[in-house]
Amino acid sequence: MTTAPPHDTILQFTDVALGYGDFTVLAGISIEARKGQVVALMGGSGSGKTTLLRAATAQIVAQRGRVTVFDQDIARLSGEALRQVRQRMGVLFQQGALFTDLNVFENVAFPLREHTRISESQVHERVLEKLDAVGLKAAAHLRISEISGGMARRVALARAIVLEPELILYDEPFAGLDPISLGITARLIRDLTDKLGCASVLITHDVIESFAIADQVYMVGQGKLIAQGSPSELSTSQDAYVRQFLDGEPDGPIAFHYPVSPAYTRWLEQRTGKRP
Amino acid sequence: MTTPFKTIAGLGTRVREGVSGLGAFMRLAGAILVRSGGAIRRPRLVSQQVHFIGNHSLLIIAVSGLFVGFVLGLQGYYTLSRYGSEEALGLLVALSLTRELGPVVTALLFAGRAGTSLTAEIGLMKAGEQLAAMEVMAVDPIRRVLVPRFWGGVIAMPVLAAVFSMVGVIGGWVVGVLLIGIDPGAFWSQMQEGVDVINDILNGFIKSVVFGIAVTLVALHAGWTARATPEGVSRATTRTVVHSSLLVLGLDFVMTALMFGN
Chain A
0 MTTAPPHDTI LQFTDVALGY GDFTVLAGIS IEARKGQVVA LMGGSGSGKT TLLRAATAQI
60 VAQRGRVTVF DQDIARLSGE ALRQVRQRMG VLFQQGALFT DLNVFENVAF PLREHTRISE
120 SQVHERVLEK LDAVGLKAAA HLRISEISGG MARRVALARA IVLEPELILY DEPFAGLDPI
180 SLGITARLIR DLTDKLGCAS VLITHDVIES FAIADQVYMV GQGKLIAQGS PSELSTSQDA
240 YVRQFLDGEP DGPIAFHYPV SPAYTRWLEQ RTGKRP
Chain B
0 MTTPFKTIAG LGTRVREGVS GLGAFMRLAG AILVRSGGAI RRPRLVSQQV HFIGNHSLLI
60 IAVSGLFVGF VLGLQGYYTL SRYGSEEALG LLVALSLTRE LGPVVTALLF AGRAGTSLTA
120 EIGLMKAGEQ LAAMEVMAVD PIRRVLVPRF WGGVIAMPVL AAVFSMVGVI GGWVVGVLLI
180 GIDPGAFWSQ MQEGVDVIND ILNGFIKSVV FGIAVTLVAL HAGWTARATP EGVSRATTRT
240 VVHSSLLVLG LDFVMTALMF GN
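Keeping their order, the protein sequence lines are chains A and B.
Numbered as in numbering that gives the first Met the number 0, the first sequence ends at 275 without a single skipped number.
Numbered as in numbering that gives the first Met the number 0, the second sequence ends at 261 without a single skipped number.
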């Protein structure tokens, strides 16, 4: 029996399995993000966090289960319907994905020019307002090659929020930021969520900043959902996985070493002429 | 025993890959043409590309045209003077340029200068997740990125070919009239008399448009299908030069046979 999502649920994964080709990265994932909520998806490197984001934006289709965005099954959407759903989302890519042939101002103005018919003076005003929010108003004229990696991520953040979307997906919003920008960016994500009443989904492994602003935290690892709860619930959790991740312990259920696969064994045999 | 089968299987795989690659190329070409309506509604995007593709290729095209004109002047004079027809040098230079060298050499230079830069740009946009970002922002990258570049290339190419031919004629005049001393009146009047607007100039123009379409499509397809790595982008740019140069020469033969053959 499936239960209907509450009307304020914006993004919902129901028993989802995700992967590429025959390979499954994550299975049995059930998560949801509601209006006005900041949801953090946490996990180690290579745990499949970005794959979750790709499923939410319909870049990949779930192998099993259902991904619904704005109450619509995203696997069933195509063409104009998918475009309309995507217009209601903002995505911050891991590497920023800024358009290198446009300057900072034009990058932030891009969604406005493509999806709205507002006047040039309104574009000017809104772009500078968003750039001001990320502290880069005076960098509006610079080319993308002239700004640092951390600045590029802040410009990408301004671009992701310029249309004031109902769902904002942030892929590693804190990576590469200095401590000051990091704190301000975390605050900005929380404030935006409260002001716009949107749902924000953060993909991150930054425990301190994300716990400070998140309403709900999901932890993924070893191909499944390991734990979920509010930051305070997880902070007091005695679960071995949760404790190891939060405390950064080298030993525990989460292996530091990449697991040995048959492909690696074959490669090593070919290289050395014997079994390891 | 297995070697002949392996050879046949290998051949079959290559043919199948070739056909499937051609299919993908035609599908992308079709998608670009079908989505071209947006380019008419936003002419600024196309004019930016005409400027980027055309303006940046102008210098190399003009300099090459000048030297080709010089050489045509020298070689033409050498051959024509053996038959006492030096005054036909203007006609020879003009016909060689408008019918063949203008469109063909411009297209080859265009492939090397503008084609490679288009491929590298699209390939790097892909590697930097820019195309994926566009798609997630509900913006069709074919419509927004490929279509303006396609029309930019198609418009720029005939203009560049015309510049090449024009500068080439000036090169021929410099060598023939200024350096060798052919009668300028005969040089220009023979040219005026012998060059036909439809047969020579229009056909040359049609060739340059076809080459523009071919080179730009090859360049865009190579970038679009490039592997998103530095090595993948470098292979794609090489592919652009090799494929588009061969395509230009092949198409030139077919079109010359159709236009000027009896």
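Careful: at least some of the hints might be erroneous.
[Claimed, not checked] Far from chain A, some chain B residues (derived; all Cβ distances over 10 angstroms):
# : residue
1 : G127
2 : R143
3 : L177
4 : V240
[Said to hold, decoys possible] Cβ-Cβ distance ranges computed for the label pairs, FRET-style:
#  : chain 1 : residue 1 : chain 2 : residue 2 : range
5  : B       : S19       : A       : G27       : 51 to 61 angstroms
6  : A       : T23       : B       : M258      : 32 to 42 angstroms
7  : B       : E16       : A       : V60       : 37 to 47 angstroms
8  : A       : T23       : B       : V14       : 51 to 61 angstroms
9  : B       : A23       : A       : G27       : 30 to 40 angstroms
10 : B       : L10       : A       : F22       : 41 to 51 angstroms
No wet-lab data here; the hints were simulated from the structure.
Ideal Cβ placement from N, Cα and C applies to all residues, glycine included.
Against the structure, the hints come out as follows:
1. G127: Violated, since 6 angstroms does not exceed 10 angstroms.
2. R143: violated, 7 angstroms
3. L177: holds, 44 angstroms
4. V240: holds, 22 angstroms
5. B:S19 / A:G27: 51 to 61 angstroms: Violated: the Cβ-Cβ distance is about 37 angstroms, outside 51 to 61 angstroms.
6. A:T23 / B:M258: 32 to 42 angstroms: Cβ of T23 of chain A to Cβ of M258 of chain B: about 59 angstroms, so the range 32 to 42 angstroms is violated.
7. B:E16 / A:V60: 37 to 47 angstroms: violated, 26 angstroms
8. A:T23 / B:V14: 51 to 61 angstroms: violated, 35 angstroms
9. B:A23 / A:G27: 30 to 40 angstroms: holds, 36 angstroms
10. B:L10 / A:F22: 41 to 51 angstroms: Cβ of L10 of chain B to Cβ of F22 of chain A: about 32 angstroms, so the range 41 to 51 angstroms is violated.
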